[in-house]
Amino acid sequence: MKEEIIIAGFGGQGVLSMGKILAYCAIMQDMEVTWMPSYGPEMRGGTANVSVILSDKKISSPIVTKFDTVIALNQQSLDKFESAVKPGGLLIYDPNGIVTPPTRTDISICKIDAINVAAKVGNSKVYNMAVMGAFLKMKPIVKSENIDKGLAKCIPARYADLISLNKAAIEEGMNAVEVIR
Amino acid sequence: MAEKILMKGNEAIAISAIRNGADGYFGYPITPQSEVMETLMKERPWLTTGMVVLQAESETSSINMVYGGACCGKKVMTSSSSPGISLMCEGLSYLAGAELPCVVVNCQRGGPGLGTIQPSQSDYNQCVKGGGHGDYNAIVLAPASAQDMYDFVDWGFDLAFKYRTPVIILADGIVGQMMEKVELRPEKPRMTKEELIKVAPWATYGKPADRPYNVITSLALESDVQERFNQKLAAKYEVIKENEVKYEEYQTEDAEYLFVAFGCSARICEAVVDQLREEGIKAGLLRPVTLFPFPSKRIQELSGQVKSMMSIELNLGQMVDDVKLAVNGAVPVGFYGRQGGIIYTPDEIAEAFKKFNNLK
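Chains A and B, in that order, are what the protein sequence lines are. Under the working numbering, think of the first position of the first sequence as 5, with each following residue one higher. Under the working numbering, think of the first position of the second sequence as 154, with each following residue one higher.
Calculated from the structure, these hints are not laboratory results. Just so it is clear, the structure is predicted and the values come from calculations on it, not from any experiment. Yeah, the Cβ is synthetic: ideal placement off N, Cα and C, and Gly gets one too.
Within a straight-line C-alpha distance of at most 25 Å, the following computed DMTMM-like cross-link-like pairs (lysine to aspartate or glutamate) qualify: (1) K62/A / E501/B; (2) K6/A / D500/B; (3) K61/A / D304/B; (4) K508/B / D407/B; (5) K61/A / D427/B; (6) K62/A / D304/B.
Non-contacting residues of chain B with respect to chain A, defined by C-beta distances greater than 10 Å in every case (computed): (7) C224; (8) G359; (9) S376; (10) A388; (11) E406.
Based on the sequences and whatever the hints tell you, model everything.
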């Protein structure tokens, strides 16, 4: 099993942390991972993306240009990465602010209204966990108990009370994901 | 089983320095390696192991602080990225001239000049062939993963003290910025004064009454003294070449074509080898882990087995010269590279490979 993912959106949406948490969850079930950010003179509100590879075997190249899953959280990212989904792959996007929806017919496409999910859970900061929930619903790579362990690794002990909030966002995200095709 | 932690290559450098008993780190921030000092400042090792961490006012200053610490026989290090390493080159020459041990991490970015902050391997010639003035070499290690970054700090200090020489860890923006699983090895405490005297009897740790002064200098005004010193260094480099070469091979047993690549490029070439093998082309990869000493002997041996070699580098073609020297005309040696922080894809390399070898 090898899953090559890119998560792209605005800086501040939690794109990089979502990648990190996802990678940690995979480590908890003894998978190999790489997490490679687009780094540059970037800032809050600018674009941010991270490619994450999860694999049962040692990962050779951390640099990939075609992905099994593209997660696009704004129009720019959708425009840029829709063509980077492998044929038969998965595209997940957040419909908020999307004027031009995806058009490809050779891939699976899902929507996740993560702003709404985060609002429902009661904290806008767990937006990225709602998105991660949507991804894990579509690609159940990580077992539930390993999601708990991964979250515990990423959230400092002094914020332990936030684990349940993040878990709730993941679960709500799983419920809210909408398969288009 | 030891705990595995997800961390960036740069963070691994910092954590490894603390856990392997480094005495001091002196640095100045620069992308893409700023997380090294950031992590050290966050960990505050001065409260635990007693390791000193200091942000100097410039790279020139940091390398000279390293010089000072190394004179005292301390395990000291610095890190920077390409333009900062250029500023450190004078200091590196002095460290080599005074035969001082230290570890210097270069997380390369595109140049020349201020260049770009994206990954590059264009400091190969600078770091492997010298960089500073005078006849010298530093031992150069080329990490390809976050785990390498962690392990090479300890290995680097071992080599630095064994041979009294600067050791450069030649990383790049990818290896520095990428997060991977890192296994934390058992901790090593900082050296006690007794251990220091045993490991570094030449150091200026304080003069006892029963021995003459230890003098550390790179100045030898008399030509015959300087020449003797140069020849001593040359003899040391020969010993290093004989004993410390390290490389990794992938699918070379039956290889008809060989890629030579270091650092992040070696990882990408591994994917290219797999891709070509699926098409029935017997490709293999040699990854030099030490760039000085260079695995010339092994490359020469393989030149008797393969039809051609290709050096893949994120620069305009630097290591390829060393591959050509090792091969000495036995087989054609090609090159493919990208510059400016652009990273090649496996497909792109496979295409360049086929073009070079007239394969379809």
